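With chain A held as given, fit chain B onto it using these hints.
Same order as they appear, the protein sequences are chains A and B. Going by this note's numbering, the first residue of the first sequence is number 1, and it counts up by one from there. Going by this note's numbering, the first residue of the second sequence is number 1001, and it counts up by one from there.
Calculated from the structure, these hints are not laboratory results. Please note that the accuracy of each hint is not assured.
What the hints assert, rightly or not - A few chain A positions that, by computed beta-carbon distances, are all more than 12 Å from chain B:
hint, residue
1, R116
2, A123
3, H153
4, N222
5, R291
6, T297
7, L333
8, V441
9, R518
10, D525
11, S590
12, G592
13, R679
As the list claims (entries may be wrong) - According to the in silico footprint, chain B covers these stretches of chain A (three or more CB under 8 Å from chain B):
hint, stretch
14, 4-16
15, 313-322
What you are looking at is a predicted structure, and each value in this text was computed from that prediction instead of being measured. Ideal Cβ positions, reconstructed from N, Cα and C, are used throughout, including at glycine.
In case you want the letters, here they are:
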Amino acid sequence: MSDLLIELFSEEIPARMQTQAAADLKKRVTDGLVEAGLTYASAAAFSTPRRLTLSVEDLTTESRAVREERKGPKVGAPEQAIAGFLRSTGLTLDQLEVRDDKKGQFYVAVIEKPGRTAPEIIAEVLDATIRNFPWPKSMRWGSGSLRWVRPLHTILCILTDEEGAQVVPLEVDGIAAGNTTRGHRFMGPDAFSVTSFDDYEAKLKRARVMLRADERADAIWNDASSQAFALGLDLVEDRGLLSEVAGLVEWPVVLLGKIDDQFLDLPPEVLQTSMKEHQKFFSVRNPKTGRIERFVTVANIEAADDGATILAGNQKVLSARLADAKFFWDNDLRVAKAGMQPWLDSLSDVTFHNKLGSQRDRIDRIAALARALAPLTGADADEAEEAAKLAKADLSSEMVFEFPELQGLMGRYYAGLAGKSDAVAAAAQEHYQPLGPSDDVPTAPVSVTVALADKLDTLTGFWAIDEKPTGSKDPFALRRAALGVIRLVLENDLRMPLTDTFGDAEWSAHLLSFFHDRLKVYLKDQGIRHDVIDACIAMPGNDDLSLLVKRARALQATLATDDGENLIQGFKRANNILTQAEDKDGVEYSYGADRKFAEEGAETALFDALDAADAKIAPAMAAEDFGSAMTAMAALRGPIDMFFTDVQVNAESTVVRRNRLNLLSRIRQICLSVADLTRIEG
Amino acid sequence: MADTPRSFQEIILRLQTYWAGRGCAVMQPYDMEVGAGTFHPATTLRSLGSKPWAAAYVQPSRRPTDGRYGENPNRLQHYYQYQVLIKPSPPDLQELYLGSLAAIGIDAQMHDIRFVEDDWESPTLGAWGLGWEVWCDGMEVSQFTYFQQVGGHDCKPVSGELTYGLERLAMYVLGVDHVMDMPYNDPQSPIALTYGDVFLQTEQEYARWNFDVADTDTLLQHFKDAEAECARILAEPATDPKTGKQIIMAHPAYDQAIKASHLFNLLDARGVISVTERQAYIGRVRALTKACADAFVQTAAGGAAA
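Bound-form chain B, shown alone:
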């Protein structure tokens, strides 16, 4: 089983197959800019309420301040996370997780795998949980978290969340020292592509835009717009006047919260947010996610009685 994968995409495919085989709904990335897989509504919103849930997906993630023009061996402003969320957290979640490492060629008898204390907290999501960072031979390869609170709501039941930093994990499995040198598809392919072939140019383009060119006045205005739209959506009455049905628009509102969060990250990368303002912005985003969480738990997917 534990033969070594040959490319970045093979690692992703093996994780998809593995978690599909463990009963997870394999979902697709959320079609918005987010800072981490946790922001996908399949995690943030679905971790709320009493309904069971199991999902796995790749999420492209953007952290504008981490851009290094593609020069740093392992820092990127755009990267991939693999995310698994199971509610309620199954008793054998650690074993399931270790099975996923075996599936991508990490043999627990040959490597030193450790669960090292790490308390997770997301101030913008109003969320926290306890768990570990998982180390493989001294390198952090995943975050393993039992969600305790999301959007200010206690998680009942508790969701187990696994987050794999795909590039770093793949670099380790594939024995690559610089991310841009990593084989993206099989190196034996007729057209073999490296990670750099796919992403080096975009890293440069976005780094320049993120750090120096993005118009801060526009970003600021978009932030305010998203904030206002989120509040406006949630202020609409629960009953839709056209269909006469109860339709609480938790997801459209949450899209605006995600937008605001990413705009804040862009403003941060442009260096226009002072230390004191930072907390205020984080608080504003948290207020949005909290309001969306409040709305979601009123919906059927959020476990409200029909």
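In isolation and in its complexed conformation, chain A is listed as follows:
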């Protein structure tokens, strides 16, 4: 057994690619080793801006010899068949053995793969890994042909056992593997050799490199939090930024700086976004005022002046950036306070889609739709219409032009400053939601109304111009829009027939079935069976998603009971007998079961049970109380089972037979009034 250590040392690897690259290195190398017949106990991969590292423990020192026999064509088989066999085995004809079986003589290839040493295998696997590495983007450099994310400088590859460490001999495009690496670019630039992973990690640390990304992230987080805490301030959490910054430094040095007073009145989100996007700074908030007052920058060096020069430089760059942001904000404030009209006007010049008109046209449609939807959502119609008209005004603002990710949020600020109601202002931000399956769904009626109108306009618009999603292509995010509508309707328990908003367009049915497909995916995630959903989609009123889902949930609950499960069997049996009889007789047994022709006790009992069920189901259905209706339906299970045990449907007497078929028809009728149970599986 020995331990393998690999380090690929290069120029700076983009932060966003490091984690995946470490994982890919681990997977490709260990898969390759195992495929070649080696085994190992454990493996771990690491990354810094300049290196990818893999440590494999307890690797076997050689692969076992393998002997494989492969049966080939018959002796005297066509030449082509024999040539093909030789090609696939890599042998020549005289190397093949000839054996006998009942059908005659045939060729056998005996392929012996001798055991190979670990260094041999590692060299081969690492070479292939480097040459075929799945970088999102790779490049060439100098006169070479090798591709890597940035120029690759050295390869460290050693095997360590009790006897010591040895370099695994290999060379990739002129880079020979060795046992040396380098530390921090500025604080530990000299080359040094290593003998094992522990030795490597310890020496790197002395040369000012923290090998582990999580160690760097923790160091940044802890140091930044405690520096903020010492001033009575809070560090604003940002996991994405933390992991990115941890990928930009080998030796994190946290520096806390002050934001110039003249910028403290900017909205905190603007400060935060500008600092994060442009400078990769963390924000530090004063819990008393709620304002962002300081920043944290993470340097990659311990400077002799404790970072004073670095901090001063960063502060200066930040001030220049924030001066821009403040300039945008001040300009926007003037327009906002005057009612935002110039922004709305300029949206006429912004094309939404060449077949669907300008943003302004779209906003007019959304406003009209919002007014129409208001009675269903419980919003004030005037407020909903106004909110829709203003919801996208901020798209013309300078701040959103500079920071598109602030759309909506700026709209909320600006609408507030324009003197609009809180509900109207909130809708500017919330109408984009939900942005995905896990995003929050708005609940304020005005926001809900504008959010629905926005998404429905998008969907009906693109359906009308026949730009539907196909396969994996969904450039206008229509699936997300449909899921958004579904979640808005369901989570707010809205009663809203969707097709009313489609009008009687010829694509109406197609769009509804698109909604149903999205609904199936959504409900499946919540554990609702697909056949249950199908059984409910087949019922009338299926464009009312709340109703549909209520029915599906009740049905799923019913099917989970013993009675429910067996009732399905009884229903199916009744339905089968009935369908066959109807096919045979050419009539529909849908009316006229009469108690006076009942001969058996079980038959009478079924009459009683059906009457009782009818009395409960009809009013429950009228009240959309699917739970009660289905409980009443499931109660039929006993009488139906008994009927099939005791009663022969195909009686001698045609009158009795017809009466019994009509009785089965009542079962079918009652069950189908609740859901299309023919679609239930099992």
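Same frame as chain A, but now just chain B:
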């Protein structure tokens, strides 16, 4: 070594000396209006083909839309770039670059110097490369790019390109907040000049002309003329009937491509190019540079066998 320079021109002189000392041919600015140092044929064309190359130069660059009448502390319609191009890119290019920062007084032990991912792409040059923007204490001071493709041709070998935004870098080194306040020559000189003394008036004049006065019909006609002339030059037979020699006129044709590119920038500043037209214009300029690149690789400097 790392004593602080005292003026804008001293920074330029130190970079010239440094790169000359590293074996680069110190060239002079190209005598045409360009948007960036990359447009100089010493970069665009010389990055093509197999012949080794090493050049460094200052390039005055014009971006008409960035004009602010000299009022913005760091935006100018005319500014300087320092450009280095070495083919094939040497293995120690990062160290060479860091050495150049030290030469202008940026001590890597006192400052935070970082290579932050930045993929470079020039749609008008049909070019792209991978590299970084180099940060010094959070400020971008250079672009560092390994050219992968130029004019639609794969770069073999790969050139390493360094571009320094001279005003911004100098402002940082000299500790100046407004570009117009920056000392152009040594502040102790008998006649001390600031950047504003040299350029404030021209920034105003060009901003007015770029934004409001340049005649768009004329510009449009010049664009069409340059486009047509470029195509005409390249359509000439390779063999010169007068001398009987093979003379492919890649450079004269490329001059016309540069012209078209700058005319497009002027039209853009005049606000007469709509969003949809933009792509079409960029495509037309790219077609020109690509044709010039195709021609250049047929020449001796472009690595064609003699």
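Right, here's what the structure says about each hint:
Once the 12 Å rule is applied to beta carbons, R116/A is consistent with being away from chain B; the minimum gap is 33 Å. Distance check on A123/A: its Cβ is at least 23 Å (rounded) from any Cβ of chain B, clearing the 12 Å threshold; non-interface status holds. In this structure H153/A is not separated from chain B by more than 12 Å, as the shortest Cβ-Cβ distance comes to only about 7 Å. At roughly 20 Å from the closest C-beta of chain B, the C-beta of N222/A stays outside 12 Å, upholding its exclusion from the interface.
Distance to chain B confirms R291/A as a non-interface residue, since its nearest Cβ pair spans about 22 Å, more than 12 Å. With a cut of 12 Å on Cβ distances, T297/A falls inside the contact zone with chain B, its closest approach being about 6 Å. At roughly 21 Å from the closest C-beta of chain B, the C-beta of L333/A stays outside 12 Å, upholding its exclusion from the interface. For V441/A, the non-interface assignment is confirmed: its Cβ lies about 34 Å from the closest Cβ of chain B, beyond the 12 Å cut-off.
Every Cβ of chain B is farther than 12 Å from the Cβ of R518/A; the closest lies at roughly 33 Å, confirming the non-interface assignment. At roughly 36 Å from the closest C-beta of chain B, the C-beta of D525/A stays outside 12 Å, upholding its exclusion from the interface. With a minimum CB-CB distance of about 63 Å to chain B, S590/A clears the 12 Å threshold, and the non-interface call stands. A cut-off of 12 Å between C-beta atoms confirms that G592/A is not in contact with chain B; the least separation is 71 Å.
No beta-carbon of chain B is positioned within 12 Å of the beta-carbon of R679/A; the least distance is around 50 Å. Given a C-beta distance limit of less than 8 Å, the hint that chain B covers the stretch 4-16 of chain A holds, as 5 residues qualify and 3 suffice. With a cut-off of 8 Å between beta carbons, the stretch 313-322 of chain A has 6 residues touching chain B; three or more are needed, and the interface restraint holds.
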